[in-house]
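Read in order, the letters of the sequence shown correspond to residues 5 to 390 in our numbering.
Errors might be hidden in some of the hints.
List time: in silico BS3-like cross-link candidates among lysine-lysine, alpha-carbon distance up to 25 Å [stated by the list, open to error]: (1) K10 <-> K70; (2) K77 <-> K223; (3) K359 <-> K130; (4) K312 <-> K278; (5) K315 <-> K357; (6) K222 <-> K145; (7) K357 <-> K77; (8) K169 <-> K128; (9) K56 <-> K70; (10) K297 <-> K271; (11) K148 <-> K130; (12) K173 <-> K145; (13) K48 <-> K70; (14) K359 <-> K315; (15) K222 <-> K169; (16) K128 <-> K117; (17) K175 <-> K77; (18) K357 <-> K323; (19) K298 <-> K271; (20) K145 <-> K175; (21) K223 <-> K70; (22) K148 <-> K117; (23) K169 <-> K77; (24) K169 <-> K130; (25) K268 <-> K323; (26) K357 <-> K278; (27) K278 <-> K358; (28) K312 <-> K323; (29) K223 <-> K148; (30) K169 <-> K145; (31) K253 <-> K271; (32) K173 <-> K223; (33) K128 <-> K77; (34) K10 <-> K253; (35) K326 <-> K268; (36) K223 <-> K175.
With beta-carbon atoms standing in for the labels, derived distance ranges [unchecked claim]: (37) K145 <-> K298: 26 to 34 Å; (38) K145 <-> A38: 39 to 47 Å; (39) L346 <-> D25: 45 to 53 Å; (40) R51 <-> K271: 45 to 53 Å.
These are calculated hints, taken from the structure and not from any lab test. Glycine is no exception: its CB is placed at the ideal position from the N, C-alpha and C atoms.
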Amino acid sequence: MGISLKLNDETEAIHGHDYHDEFGSRIPSIHLSAMFEQRGEANKSDRNVDLKYSREENPTVRYLEKVISKLEKAEDSLAFSSGMAAIASLYLNSLSSGDEAVVTCEAYGTTVKLLEYLSKFGVKAKIVLPSAEEIASAVTKDTKLVFVESMTNPTLKVIDLDHVKDSIKGKAEFVIDNTFLSPVLFKPIERGADAVIESLTKYISGHNDVIGGIIAGKKEKILQLWETRRMTGSILSPFNAYLTLRGLKTLYARIRIQQESSLKIAKYLLNNPKIEEVMYPCLESDPYYNLAKKYFNGCGGVISFKVKGGKEEAITVLKNLKLIIPSPSLGGTESIMTYPVLSASSSLNDDCKKKLGITENLLRLSVGLENPEDIISDLEEALSFI
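Start from the sequences, fold in the hints, and give me the full structure.
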């Protein structure tokens, strides 16, 4: 039997799949079958689509989607083979020739590049600085999509989302990529977003062993996107859905630890004489502190900072890390450091990078579950080489 109690999110992350079978198992099964026997109405999924072929719908994936829907406070959700597959499906579903889409230049580089690529099909990409005023001024009668990140990558700017929502006034879809925070710290739908996108790869699965993405929103929109996912074959694999469900059980505990460690590490960096600037909105000295306090329940586990010097000094720090892994990801159990100008921000033009403050001495740290003192010791030693 499923659980009928009204549960808190931490509990829903563990039990929200509503799975049960004749054996009394509480762990959802991995349905690896490519096809399913046709049984008419008895073989409809709970969103009233046929369960017949795993490119279209799969029970294990569905268990995951149920949990995410509950955590995001959404009517339904749809899981994809990657975060970019989710974003690509959103673009394909929401945009037609002659439409405009507004996106901030400080978004994940591939998010921006894919939108620019759609210009060959008559879609106009309007790429603006990450501020509510810039976004509002870019919205016109032809704007069909406004796409922002709840916290920008890599300089961790926070946009006044209420201002953005009010400027759209229902004229366009308002979609927020919430990967840096997860539903633990921010629920965009509760703040007026039409849909939310998360990379399952990052905090939600949390163990650096899954590639996946998800969109949550209204049932009508999710059914439209379901058809796009069916045609493009971009559904999440059953095994990756199982791994994500497994990781999801510890999401709230992981975020709590990573956030506590991050604030401690950010304060250490702030007082280090070899650091020029620290970007972490939960620091009272951060220019986005008040906006972060207004919208979020915390700032997550990513800290960006600038070492004194330039490219040579930044690379020296990366080369001398022993515990922290130089790698382009975030949100896992292992601490990871990224060099943005050569990774997520590499496709941005020089003018945009200059305006955003994405410089050659900028590093981005994703704090894992190691003891924060060990992370600080690793940083201290690596910084001693510059």
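Quick rundown of the hints versus the structure:
1. Of the pairs offered as hints, the one joining K10 and K70 holds, with about 15 Å between alpha carbons and a cut-off of 25 Å not exceeded.
2. For the proposed pair K77 and K223, the alpha carbon gap of about 12 Å is at most 25 Å, so the pair holds.
3. A threshold of 25 Å between alpha carbons decides the hint, and for K359 with K130 the separation of about 17 Å falls inside it, so the pair holds.
4. With a C-alpha separation of about 6 Å, the suggested pair K312 and K278 falls inside the 25 Å cut-off, and the hint holds.
5. In summary, the hint linking K315 to K357 is supported, as the alpha carbons are separated by about 15 Å, within the 25 Å threshold.
6. For the proposed pair K222 and K145, the alpha carbon gap of about 23 Å is at most 25 Å, so the pair holds.
7. A threshold of 25 Å between alpha carbons decides the hint, and for K357 with K77 the separation of about 35 Å lies outside it, so the pair is violated.
8. Our distance criterion of 25 Å between C-alpha atoms is met by K169 and K128, whose separation comes to about 21 Å.
9. The hinted pair formed by K56 and K70 meets the criterion: a straight-line CA distance of about 19 Å does not exceed 25 Å.
10. Restraint check for K297 and K271: satisfied, since their Cα atoms lie roughly 17 Å apart, inside the 25 Å limit.
11. For the suggested pair K148 and K130, the alpha carbons sit about 11 Å apart, so the restraint of at most 25 Å is met.
12. Between the alpha carbons of K173 and K145 the distance comes to roughly 11 Å, so the proposed pair stays at or under 25 Å and holds.
13. The straight-line distance between the Cα atoms of K48 and K70 is roughly 16 Å, inside the 25 Å bound, and the hint therefore holds.
14. In summary, the hint linking K359 to K315 is supported, as the alpha carbons are separated by about 18 Å, within the 25 Å threshold.
15. Taking the CA atoms of K222 and K169, the gap is near 17 Å; set against the 25 Å cutoff, the hint holds.
16. As the CA atoms of K128 and K117 are separated by approximately 12 Å, the hinted pair is consistent with the 25 Å bound.
17. Straight-line distance between C-alpha atoms of K175 and K77 comes to about 23 Å, which keeps the hinted pair within the 25 Å bound.
18. This hinted pair checks out: K357 and K323 have alpha carbons roughly 24 Å apart, not beyond 25 Å.
19. Taken as a hint, the K298 and K271 pair is honoured in the structure, with Cα atoms around 21 Å apart against an allowance of 25 Å.
20. Taking the CA atoms of K145 and K175, the gap is near 7 Å; set against the 25 Å cutoff, the hint holds.
21. Distance check on the hinted pair: K223 and K70 sit about 12 Å apart at the alpha-carbon level, within 25 Å; holds.
22. Proximity of K148 to K117 is assessed by CA-CA distance (about 18 Å); at most 25 Å being required, the pair is judged to hold.
23. For the proposed pair K169 and K77, the alpha carbon gap of about 18 Å is at most 25 Å, so the pair holds.
24. Distance hint between K169 and K130 is fulfilled; the C-alpha atoms sit about 17 Å from each other, no more than 25 Å.
25. For the hint linking K268 to K323, the alpha-carbon distance of about 23 Å falls within 25 Å, and the restraint holds.
26. The suggested pairing of K357 with K278 holds, with an alpha-carbon distance near 23 Å, which does not exceed 25 Å.
27. Between K278 and K358 the CA atoms are separated by roughly 22 Å; this keeps the pair inside 25 Å, and the hint holds.
28. Between K312 and K323 the alpha-carbon distance is near 16 Å, which keeps this suggested pair within the 25 Å criterion.
29. Only pairs whose Cα atoms come within 25 Å are accepted, and K223 paired with K148 is accepted, the gap being roughly 19 Å.
30. Taking the CA atoms of K169 and K145, the gap is about 15 Å. The hint holds against a cut of 25 Å.
31. With a C-alpha separation of about 29 Å, the suggested pairing of K253 with K271 is violated against the 25 Å cut-off.
32. Between K173 and K223 the alpha-carbon distance is near 21 Å, which keeps this suggested pair within the 25 Å criterion.
33. Taking the CA atoms of K128 and K77, the gap is near 31 Å; set against the 25 Å cutoff, the hint is violated.
34. Of the pairs offered as hints, the one joining K10 and K253 holds, with about 18 Å between alpha carbons and a cut-off of 25 Å not exceeded.
35. At most 25 Å may separate the alpha-carbon atoms for a hinted pair to count; K326 and K268 meet this at roughly 20 Å.
36. Under the criterion of a C-alpha separation no larger than 25 Å, the hint pairing K223 with K175 is consistent with the structure, at around 19 Å.
37. Between K145 and K298 the beta carbons are some 30 Å apart, a value that agrees with the proposed interval 26 to 34 Å.
38. About 45 Å separates the C-beta atoms of K145 and A38, a value consistent with the hinted range of 39 to 47 Å.
39. The hinted range of 45 to 53 Å is satisfied by L346 and D25, whose Cβ atoms lie roughly 48 Å apart.
40. At about 46 Å, the CB distance of R51 to K271 agrees with the hint of 45 to 53 Å.
Violation of the numbered hints given earlier is confined to hints 7, 31 and 33; the remaining hints are satisfied by the structure.
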